[in-house]
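Trainee: Protein sequences appear in the order of chains B and G. Here my numbering is used: the first residue of the first sequence is 25, the next is one more, and so on. Here my numbering is used: the first residue of the second sequence is 25, the next is one more, and so on.
Treat the hints as calculated values from the structure; they're not laboratory data. For glycine and all other residues, C-beta sits at the position ideal for the given N, C-alpha and C.
Ranges between beta-carbon positions, derived for each pair:
hint	chain 1	residue 1	chain 2	residue 2	range
1	B	G189	G	Q50	27 to 37 angstroms
2	G	E102	B	T247	27 to 37 angstroms
3	G	E303	B	M141	37 to 47 angstroms
4	B	D122	G	D262	52 to 62 angstroms
5	B	V224	G	E255	18 to 28 angstroms
6	G	Q271	B	A339	46 to 56 angstroms
7	G	G306	B	G57	25 to 35 angstroms
2 protein chains.
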Amino acid sequence: MAMKKFINNPDNLVQELLEGFVLANQDKVALEGSNLVVRVNPKPKDKVALVTLGGSGHEPALSGFVGEGMLDISVPGEIFAAPGPPRVVEALKAVARDAGVLFIVLNHAGDVMSANMAVDMAQKEGVTLAKVLTCEDISGDPEDRRGLVGCLLVIKAAGAAAEAGKSLEECAAIAQRMADNMRTLAVAVSGATHPSTGDVIAEIPDEVMVVGMGQHGEAGGGTQQLKTADETAEIMLDALLNDLNVQSGEEIAVLLNGVGATTLMELYLVLRRVKQLLEAKGIGLAHSLVGEYLTVQEMGGFQMCIARVDDELKALLKAPCNSPALTVK
Amino acid sequence: MAMKKFINNPDNLVQELLEGFVLANQDKVALEGSNLVVRVNPKPKDKVALVTLGGSGHEPALSGFVGEGMLDISVPGEIFAAPGPPRVVEALKAVARDAGVLFIVLNHAGDVMSANMAVDMAQKEGVTLAKVLTCEDISGDPEDRRGLVGCLLVIKAAGAAAEAGKSLEECAAIAQRMADNMRTLAVAVSGATHPSTGDVIAEIPDEVMVVGMGQHGEAGGGTQQLKTADETAEIMLDALLNDLNVQSGEEIAVLLNGVGATTLMELYLVLRRVKQLLEAKGIGLAHSLVGEYLTVQEMGGFQMCIARVDDELKALLKAPCNSPALTVK
Numbered sequence: 025m026a027m028k029k030f031i032n033n034p035d036n037l038v039q040e041l042l043e044g045f046v047l048a049n050q051d052k053v054a055l056e057g058s059n060l061v062v063r064v065n066p067k068p069k070d071k072v073a074l075v076t077l078g079g080s081g082h083e084p085a086l087s088g089f090v091g092e093g094m095l096d097i098s099v100p101g102e103i104f105a106a107p108g109p110p111r112v113v114e115a116l117k118a119v120a121r122d123a124g125v126l127f128i129v130l131n132h133a134g135d136v137m138s139a140n141m142a143v144d145m146a147q148k149e150g151v152t153l154a155k156v157l158t159c160e161d162i163s164g165d166p167e168d169r170r171g172l173v174g175c176l177l178v179i180k181a182a183g184a185a186a187e188a189g190k191s192l193e194e195c196a197a198i199a200q201r202m203a204d205n206m207r208t209l210a211v212a213v214s215g216a217t218h219p220s221t222g223d224v225i226a227e228i229p230d231e232v233m234v235v236g237m238g239q240h241g242e243a244g245g246g247t248q249q250l251k252t253a254d255e256t257a258e259i260m261l262d263a264l265l266n267d268l269n270v271q272s273g274e275e276i277a278v279l280l281n282g283v284g285a286t287t288l289m290e291l292y293l294v295l296r297r298v299k300q301l302l303e304a305k306g307i308g309l310a311h312s313l314v315g316e317y318l319t320v321q322e323m324g325g326f327q328m329c330i331a332r333v334d335d336e337l338k339a340l341l342k343a344p345c346n347s348p349a350l351t352v353k
Numbered sequence: 025m026a027m028k029k030f031i032n033n034p035d036n037l038v039q040e041l042l043e044g045f046v047l048a049n050q051d052k053v054a055l056e057g058s059n060l061v062v063r064v065n066p067k068p069k070d071k072v073a074l075v076t077l078g079g080s081g082h083e084p085a086l087s088g089f090v091g092e093g094m095l096d097i098s099v100p101g102e103i104f105a106a107p108g109p110p111r112v113v114e115a116l117k118a119v120a121r122d123a124g125v126l127f128i129v130l131n132h133a134g135d136v137m138s139a140n141m142a143v144d145m146a147q148k149e150g151v152t153l154a155k156v157l158t159c160e161d162i163s164g165d166p167e168d169r170r171g172l173v174g175c176l177l178v179i180k181a182a183g184a185a186a187e188a189g190k191s192l193e194e195c196a197a198i199a200q201r202m203a204d205n206m207r208t209l210a211v212a213v214s215g216a217t218h219p220s221t222g223d224v225i226a227e228i229p230d231e232v233m234v235v236g237m238g239q240h241g242e243a244g245g246g247t248q249q250l251k252t253a254d255e256t257a258e259i260m261l262d263a264l265l266n267d268l269n270v271q272s273g274e275e276i277a278v279l280l281n282g283v284g285a286t287t288l289m290e291l292y293l294v295l296r297r298v299k300q301l302l303e304a305k306g307i308g309l310a311h312s313l314v315g316e317y318l319t320v321q322e323m324g325g326f327q328m329c330i331a332r333v334d335d336e337l338k339a340l341l342k343a344p345c346n347s348p349a350l351t352v353k
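Work out the full structure: start from the sequences and follow the hints.
Mentor: Shown next as structure tokens:
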């Protein structure tokens, strides 16, 4: 697969994409300090601030989640690479406040290492914070689950709670409750290329789909023949419901995240089938989100994320927000 | 290229995607009558209603533009095919009102034929309406320019005007002014497959880009070696500015529409360069929109649309709206 992307000098890729990103969303976000993505209308200092970090190349994630009712700062790294601790510390200090800082970290080795070092350093400098790790991918190592698109639900719920004036303890508890009650599974049908190096991220044979592929092409062992939308929906939903142990009578939110080349059309078919399957099991569909939130360049496939929701989490997911990747009126 | 899509029986594709689409956006849209996509909170009858029609397979277009401050009804056809006149008449009659109906049609042969027949029939039944045709693609036949993603700007501006209580004459004049002052050019780097038939929509050799390719793979004659983001931005912007005859001191809106596999990352690079080029020419960037609004399945490439805007059009583009594909607070 030859790389066919509109880029310039790969060395400037992240700098250029961030400049274009804030230009396209100048009513919501801006660059500050060493390329930290911040809200243009900062939240009052008496409310909890939300921070995250993560590699670039997954647009709109994660900087697209910065805005009213969502994140206060995102620290973007290089392509598919965590930012180093100094910039993370800079972000944590920039939003430091008596109300405290909630730091949401996706479980990937580089992100976690940077985050932990930054937390130590920021706390030594007096920053009040709580950290919540997302690790909801049910494929791969059960002792070290990856954080996938579920981070959006955690950020949405905790962000709405912070906007409503909840304490750091309450916001962290909400984020943790969402994180504990969500599960994600990915499926891939076609590969992608690394935008700086041209390296192939994942090579997937014709007529095959890979259930459980991570967002950087990590294999999950689920290689099988390509199925229909209905069949794929059922395979993935059953695995998720089983892992989360969802019972008849409960309610879940469903997030379908296209990772690049897979169309909204296909995701709508999958959602339709998910709803039918849930109805048959007596499980309620409390909320759904369908779109491209965390992509893997031009890869074909999607992530299905489910989350068990109580009334409070449901209300927080539906609360207003205004970020580049998600706006709710 | 083998087709790798999550679909079921191709005969049910549009029905299923519409069911999933309204399920995913149930706070905004619903299906009514013979699969018309309508607002769940209809606009008061004393305000002008907006209607459009168009083939499916371009999600989120065009039904994704239904909502507050945007369209009142969209009539989706089969994949890449116009809906027949009876359903269009049904839509026009469903929103018929003394205030009148503004009917926005993209210039594609099938859409125009259906639209014209429906207009005749609806007018005979007493529906008050005005029709505006969008035909802003500067590639191809100069006497018969295609309507591409620019329809979004026309719908956004006229939809905001209608929501504000403007008359049919005023809304139609606004839509026509936007249509007359916009131009679009597409570039493609990789092909796609027809989701029902598996037919290849466009075959594009390695290392090549095609400037001027229409949304169904119509060639525009612009086959050339793949360029960088900066070079491509300049080639496309210059062609558009020249065709629209934009002068130093004027202001334009810029819409960058990813058609499928091309990433937001790449579009941000292009927008960044567009802004630099405009500055050098003394042209203002009044507004920008970057995203996937009108797609062509998994095709790689994007459409660049520019529009000369006065203060009224600028305000209408920035006005609040709430639709599946675009929400402005």
